[in-house]
Amino acid sequence: MILPGNATVTEPTSITALPAAPLHALEIWANPAKVAARVQKALGFALPAMNHSAANAAITLLRFEPTVWLAEGDVSVLADTLGDDGALTAIGGGIVRFRIAGPGWRELLLEGGVFDTSAAALPVGATAATVIDHVGVRLHVESDDACIAYVPSSYAQSLHHFWDEALSLIGA
Amino acid sequence: MSGPARAPSGDETIPFTFDGTAYRARPGDTLAAALLANGVGLVARSFKYHRPRGIMSAGIEEPNALVTVGTGGRTEPNTRATDVFVYPGLVAKSQNRWPSLSFDVAAIFGLAAPALGAGFYYKTFFGPAKHWMRYEGFIRRAAGLGDAPTEADPDNFSQVAGFCDVLVVGSGPAGLKAALEAAEAGNRVFLVEQDAVPGGSLLRDPDSGLDPAAMIQRIEALGGKVLLRTTASGYWDHNFLTLTQRLVEPGAVPTNGFAQRLWHVRAGRVVLATGLIERPVPFAGNDLPGVMLSQAVRSYIRRWGVVPGQRVVIATNNDDAYLTAAAIIEAGAQVVALLDARASGPAAPAGVTVYHDARPAGATGRKHGLRKVTAVIGGSEQSFDADLLAMSGGFVPVSHLHMQAGGKLVWDEAAQAFIPGETPQVCETIGSAISPPPAPAVAPAGKAKKSFVDFQNDVSLADIDLAWQEGYRSVEHLKRYTTLGMATDQGKTSNMVALARLAEKQGVTVPQAGLTTFRPPFTPVTMGLLAGAGARNAGAHVRRIPLHALHEAHDPIWQPLGYWFRPRAYPVNGENLAQAALREAQTVRTVAGLSDVSTLGKFEVSGPDAAKLLELVCATTVGKLATGRGRYTFMLREDGFVFDDGTVWRLAEDRYLLTSSTGGADRMAGHLSYVRQVLRPDLKCSVVNVQEHYAGIALAGPRARSILAALTGAEPPRHMGYAPGTLAGTPVHVLAASYSGERAFEIHVEASHAEQVWQAIEDATRAEGGAPYGLEAMELLRIEKGHVVVGGEVDGRSTPHDLGLGGMLGKAGGFVGAAGLTRPALSAAGRNNFVGLVSLDGPIPEGGMLITRAGTSPQGHVTAAARRILEGGAIALALLQDGHKRHGEELTVSSPTRGEKARVRVTSPHFYDPAGERYRD
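If you're matching them up, the sequences are chains A and B in order.
With the first sequence counted from 1, adding 21 to any position gets you this note's numbering.
With the second sequence counted from 1, adding 11 to any position gets you this note's numbering.
Same shape as in the complex, but just chain A (with noise of 0.2 Å):
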């Protein structure tokens, strides 16, 4: 677990690459209350705020820009909730996941970052676009112990190798 302070973290914070999800870029450009309510109809809970998340047991949305989600799983029924109001864009291909989990998450994606990562900051649930060390990254916290890191692909290499460095020092 993380102490207080200077404490040494004793457990391990681990990277993980996931495999290949579907990832969709959901955008909603008229009536967005209308699509609200026909989302939640379809799927059972609501469209996200800003930088929250929701999810069923089959697709869970990520709101990242003001009419724009990331949709990660099935989008099939999603997708016929969209009528001319909005549209779903394939882009998981350009996307790499990455689990980091472990008790030195948050201070982990502090290193080469630009935003607070505390608890009371970014809490279970929430998501964040943000840079890290000059790359554009999502992050969504999936829990107190890790956190999903969606890092374009042609960068995922570079900067799985920068955080397995940094690593090092954690606590420190």
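Don't read these hints as lab results, they were simulated from the structure.
One should not assume that every hint holds.
[To be verified] Listed below are the simulated DSSO-like cross-link pairs for lysine-lysine, each with C-alpha atoms no more than 27 Å apart in a straight line:
1. 55/A / 695/B
2. 62/A / 695/B
3. 134/B / 458/B
4. 104/B / 378/B
5. 896/B / 912/B
6. 623/B / 55/A
[To be verified] Here chain A is said to cover these stretches of chain B; the calculated rule only asks that three of the stretch's residues, wherever they fall, bring their Cβ under 8 Å from a Cβ of chain A:
7. 159-172
8. 269-280
9. 358-371
[To be verified] What follows is a list of derived Cβ distance ranges for each label pair:
10. 481/B / 139/A: 21 to 27 Å
11. 43/A / 737/B: 14 to 20 Å
12. 571/B / 43/A: 28 to 34 Å
The beta-carbon is built from N, C-alpha and C at its ideal position, and this holds for glycine as well.
For chain A, the structure is supplied; the task is to place chain B on it using the hints.
Relative to the frame of chain A, chain B by itself:
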């Protein structure tokens, strides 16, 4: 016995060397403490006169004891001996001396000091530039600090973000109390201390009521973060501070590879408990080894058990130095005299003779300490045999961060110092930095020429006087003329003494004389730390294409392209780059080749208004494009100049794919966002960057069509047609587009499935006698075909008309840049037009200037040069004034920097299949 010393205790366990001599230090020793403990008082030579210099202070303000620490790539020059803690194997060297520190030939400059005063360079080294070329080498050798390392630094540097409610700078008594109080109030606290141990002045003057270690433990237990060996080096807007943290000492090998860390901290409130810096006293010889700041003497005695001298003269204008007298006596040394410039002072320790109205006037020295001190006491001179002089000319609050934060300084008459005043940020200064002890102004005694003010730059009172005589009235001019307050210490010990002298000359008060500005960093910062993890890759991560590993197996020559790396050529059988590229290009012309084009910018635009958006972005007509068709397009800036080009494809009724250049992809993403969000937020459409979602494979050549047909089991689309398909069991987009001039296709596939698709195409292409081709062959092919490239012919100054693309402009207008394009200057005569060049006598130098004859002004330049792929013969693309009207004209391409010339004839840029017949089946 004389000079610095420390009684051995058995704890001297850490070996280190200084100038090749082996010594031992105790744990916790700074290099300065360890050298003094070993009797070494001479540690440096001064910047200009090569005067012998010792250790003056015990902190980061040290101006004299600059040494080079470490070896190889870890060499760190100009490190203060007072700011490096000794570790096993530390290698330290003195600098700016030859052949040795004890015998420095350049010390002869000291004899010529009267001629080398302020402004010497300005007065001497002027005249034609060629003279300076002669002076420069000599000056750089004679003067200077340490040498920069020639090897690359092997260590890593971290940059990390930090957030807190309260940031406290300084762990002295005030800082510790403030940090603990804030932590106990439930705040997130950062406490920053540049020393290796907390305590600040408590390490010198312990207080039984304050236990730094216990207070630190309590702060950490409450969740506070304590950063030792960390300097708050910059205070920026919005309570953003940069902290530089040493994870290992300079020159040491880090256990985890990281040497330093740069913190980017955003704090709700900042508390500056930065303390004071003691002010030196100006007198002749005040720079000699054996002249130290009074508090530093006390620190060496109390913290490190080092007695810097055995017979000590103390010179002061304040009460604090009396504490030093007590410490010296406690340590068993002798206070020969306490010279107090004031008429009265506190009670002195027993056995100390105090002289009032007394000031030091001069000192003479031996190698590691002083020999004699001369003082003016009540108007008459008196000499003392002494090996150490402890001086205290008052105190200067460390207000650097306060000033960096935009804070004002106010004058404290009693202390003769500026103290922090108002600040526009959420910041306060506490402790001694806001309430320095009284210390009256004292007129210096002794010769001005050898009374040093800025020790690091060899600036004396006489230099300030000279600058004044020569008309330099502003403190800013004084600084620049004399170099006062420059270099690594940035005037920490010199500023106030110099200001006082300037004010005296002007007949004004010190605040009326003015003050220079403190700027970041507070102490020197290594370049590696600023570069961070990007120090070895030009500041950014390399972008890997999806098929990087697959290409790697072919052992290609890699080409950096922006942040990307792409195969430049795939040499076989010992080919060089040119041979491989020519073979690959010839293969494309005669059989077929495949190339990785994954880095192209790609955007999916969908929705009922997708075409409207694209008609705004693209300068060509898009709206009439039928489903399953595409076309070449280009995009303009609002000023009418071309900034990118690509293709646009109608994939479905309300879904388009727009491609753009690799180098312009990020710029295009920003432009599309601007058009979508700012110009037309009302449009019902979505723009998604799919550059990395799709890998792209170009298949080109006379057999490309048949290869693709066999792989997909379907007739490929005709030129500029689109069809979805399946290849190697994978869904693909097939775009019939050609950059090479041959019948060609771009196959776009979801990146995670690209490898199997590439492999299938490569196998089939090789079976037909084809091969992969890289960027170099692609360049040969496009030059011969006469296609423009962004960054080459599209250089930000070209209009569609300049590039011969005017006929493709959308007739209805309305696109971004249409209005800008109507400006008369963009259609005036004399503009650079896109043309081809055919050589009449040899290779055409790329980048060469186009001239009519020798001695005339250039009329254009070569943007790209190549050779005809099958027939041979040099060709090139160029931008030439009024070039469209000059086909057939003969010119000279001249490259004076390479000494190359070629005679050329201006032609159409389309050297290969100008009618486009090879696109058609």
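Here's how the hints hold up against the structure:
1. 55/A / 695/B: holds (15 Å)
2. 62/A / 695/B: Holds. Residue 62/A to residue 695/B sits at ~23 Å (cutoff 27 Å).
3. 134/B / 458/B: holds (24 Å)
4. 104/B / 378/B: Roughly 17 Å between the alpha carbons, so the hint for residue 104/B and residue 378/B holds.
5. 896/B / 912/B: Cα-Cα ~23 Å, so holds.
6. 623/B / 55/A: holds (24 Å)
7. 159-172: holds (count 5)
8. 269-280: Our answer is that it holds, as 4 residues pass the Cβ test (under 8 Å) against chain A, meeting three.
9. 358-371: With 0 residues close enough to chain A, the hint is violated.
10. 481/B / 139/A: 21 to 27 Å: Hint violated: Cβ distance 58 Å, outside 21 to 27 Å.
11. 43/A / 737/B: 14 to 20 Å: With Cβ atoms ~18 Å apart, the hint holds.
12. 571/B / 43/A: 28 to 34 Å: holds (33 Å)
Of the hints listed earlier, those the structure fails to meet are numbers 9 and 10, in rising order.
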